[in-house]
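Novice: Sequence:
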Amino acid sequence: MATSFALDSSLLSKLDDRKRRNQPRWDADIIHPDDAGDFFSCDYLSLSRHPHLRQKFLGTLASEPRLLGSTGSRALTGSTTSHIGLEKYLAEELGVEKTMVYVSGYTANITFFGESAHVVVDEAHSIGLYGPGGKGLVRAWGLEKRVHTVMMTFTKTLNFTGGVITMNSTVYEYLSNHSVPWMFTSAPAHVDMIGMKFCFDVLKSPEADRLRETVMDLSHFFMSHFAQSTRDIPKSVLSLLNSETKNLNSRGLISPIFAIFSPDVVALQNHLNKKGYAARALAPPAVPRGKERLRIVIHAGNSQEQIKSLVEALREWALAQDSNVFKQDGALRSKL
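When we follow UniProt numbering, the leftmost residue of the sequence shown carries the number 1, and every step to the right adds one.
Check each hint, because a few of them may be wrong.
If you anchor each label on the Cβ, the simulated ranges turn out as follows [to be verified]:
(1) ALA286 x THR81: 36 to 46 angstroms
(2) ALA267 x THR81: 30 to 40 angstroms
(3) LYS14 x GLY69: 18 to 28 angstroms
(4) LYS308 x ILE84: 42 to 52 angstroms
(5) SER9 x THR71: 48 to 58 angstroms
(6) ARG20 x THR60: 46 to 56 angstroms
(7) GLY290 x ASN270: 16 to 26 angstroms
(8) SER13 x THR81: 49 to 59 angstroms
Lysine to aspartate or glutamate pairs mimicking DMTMM-like chemistry, simulated, CA-CA at most 20 angstroms apart [stated by the list, open to error]:
(9) LYS308 x ASP35
(10) LYS274 x ASP35
(11) LYS19 x GLU305
(12) LYS197 x ASP35
(13) LYS308 x GLU173
(14) LYS56 x ASP38
(15) LYS204 x ASP43
(16) LYS98 x GLU87
(17) LYS197 x GLU64
(18) LYS308 x ASP38
(19) LYS88 x GLU173
(20) LYS275 x ASP232
(21) LYS275 x ASP34
Keep in mind the hints are simulated off the structure, nothing from the lab.
Just so it is clear, the structure is predicted and the values come from calculations on it, not from any experiment.
Note that beta-carbon positions come from the ideal geometry of N, C-alpha and C, so glycine has one too.
Generate coordinates for the entire structure from the input sequences, incorporating the hints supplied.
Specialist: Shown next, in the form of structure tokens:
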């Protein structure tokens, strides 16, 4: 018989409490397939699904003299030619004095905010999607000389790992001497440095420009098709959060991230999982009560047919929740 520990009892109690509150419980060892289409990852440009990029990246790795670990923290032996070279390259490309590379965007955030009280721009989701060469909104709007500090991550559109902070020389020198991750966490591996530069270079390619246009076109298609297909469904059952501001801006931008509201978002998640979607519910306390949602992401690798199938799955679930809507369904379908 397994020994029962006080820690286990406490943790199980917390997990049971989540279940009672109908909050989603993540099973970290279960892989949910995305056979029906990828609508939930942060791989906005679908770079992970381009086989020719794999071969090109492997060729780049083969020519590098260093490959594995960095051998230490940046304060010790981890500031190699690979790390310093990438930071100089990114600074030149982004038009800033300095950049500082970290193992993740989260680490970059806690590093800066742990030492500073300052307004910064978070471009975690916009780098790669907007601006010339996918260099972000700050550069798209010509504000790089007016914005002091920008946080970016390589884990979203660039589909890799790592984070970077753009800054001036004073901030760089300060963080080099006071940043806890800089001093006590091993620097990113050489393969990470190679991968970050490789992915950043991909963003500047004509192919990436085409993929960005595809994401925007498909995002418009999803929004219009969802609105048309759910116009008879009460917003209390299923709706698009913030739809009134989704595309109302003077620069004609649209985000590929859509928040779908449902009061029983866990049941909606389970419905989509059964249909082959890797859906994940966001419920309190992750989001405010009354704002429960699924986060749906449109990718360059999606098709209009996949989007139609996803919207149909959402509609099917909503109709099952509201009998009055179900009665109207037959009449509406003949008009769609």
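Novice: Please go over all the hints and tell whether each is borne out by the structure.
Specialist: We went through each hint and held it up to the structure:
{"no.": "1", "hint": "ALA286 x THR81: 36 to 46 angstroms", "result": "holds (41 angstroms)"}
{"no.": "2", "hint": "ALA267 x THR81: 30 to 40 angstroms", "result": "violated (53 angstroms)"}
{"no.": "3", "hint": "LYS14 x GLY69: 18 to 28 angstroms", "result": "violated (36 angstroms)"}
{"no.": "4", "hint": "LYS308 x ILE84: 42 to 52 angstroms", "result": "holds (49 angstroms)"}
{"no.": "5", "hint": "SER9 x THR71: 48 to 58 angstroms", "result": "violated (42 angstroms)"}
{"no.": "6", "hint": "ARG20 x THR60: 46 to 56 angstroms", "result": "holds (51 angstroms)"}
{"no.": "7", "hint": "GLY290 x ASN270: 16 to 26 angstroms", "result": "holds (21 angstroms)"}
{"no.": "8", "hint": "SER13 x THR81: 49 to 59 angstroms", "result": "holds (51 angstroms)"}
{"no.": "9", "hint": "LYS308 x ASP35", "result": "holds (15 angstroms)"}
{"no.": "10", "hint": "LYS274 x ASP35", "result": "holds (11 angstroms)"}
{"no.": "11", "hint": "LYS19 x GLU305", "result": "violated (35 angstroms)"}
{"no.": "12", "hint": "LYS197 x ASP35", "result": "violated (31 angstroms)"}
{"no.": "13", "hint": "LYS308 x GLU173", "result": "violated (52 angstroms)"}
{"no.": "14", "hint": "LYS56 x ASP38", "result": "violated (24 angstroms)"}
{"no.": "15", "hint": "LYS204 x ASP43", "result": "holds (16 angstroms)"}
{"no.": "16", "hint": "LYS98 x GLU87", "result": "holds (7 angstroms)"}
{"no.": "17", "hint": "LYS197 x GLU64", "result": "holds (13 angstroms)"}
{"no.": "18", "hint": "LYS308 x ASP38", "result": "holds (13 angstroms)"}
{"no.": "19", "hint": "LYS88 x GLU173", "result": "holds (14 angstroms)"}
{"no.": "20", "hint": "LYS275 x ASP232", "result": "violated (23 angstroms)"}
{"no.": "21", "hint": "LYS275 x ASP34", "result": "holds (9 angstroms)"}
Consistency note: the structure conflicts with the earlier hints numbered 2, 3, 5, 11, 12, 13, 14 and 20.
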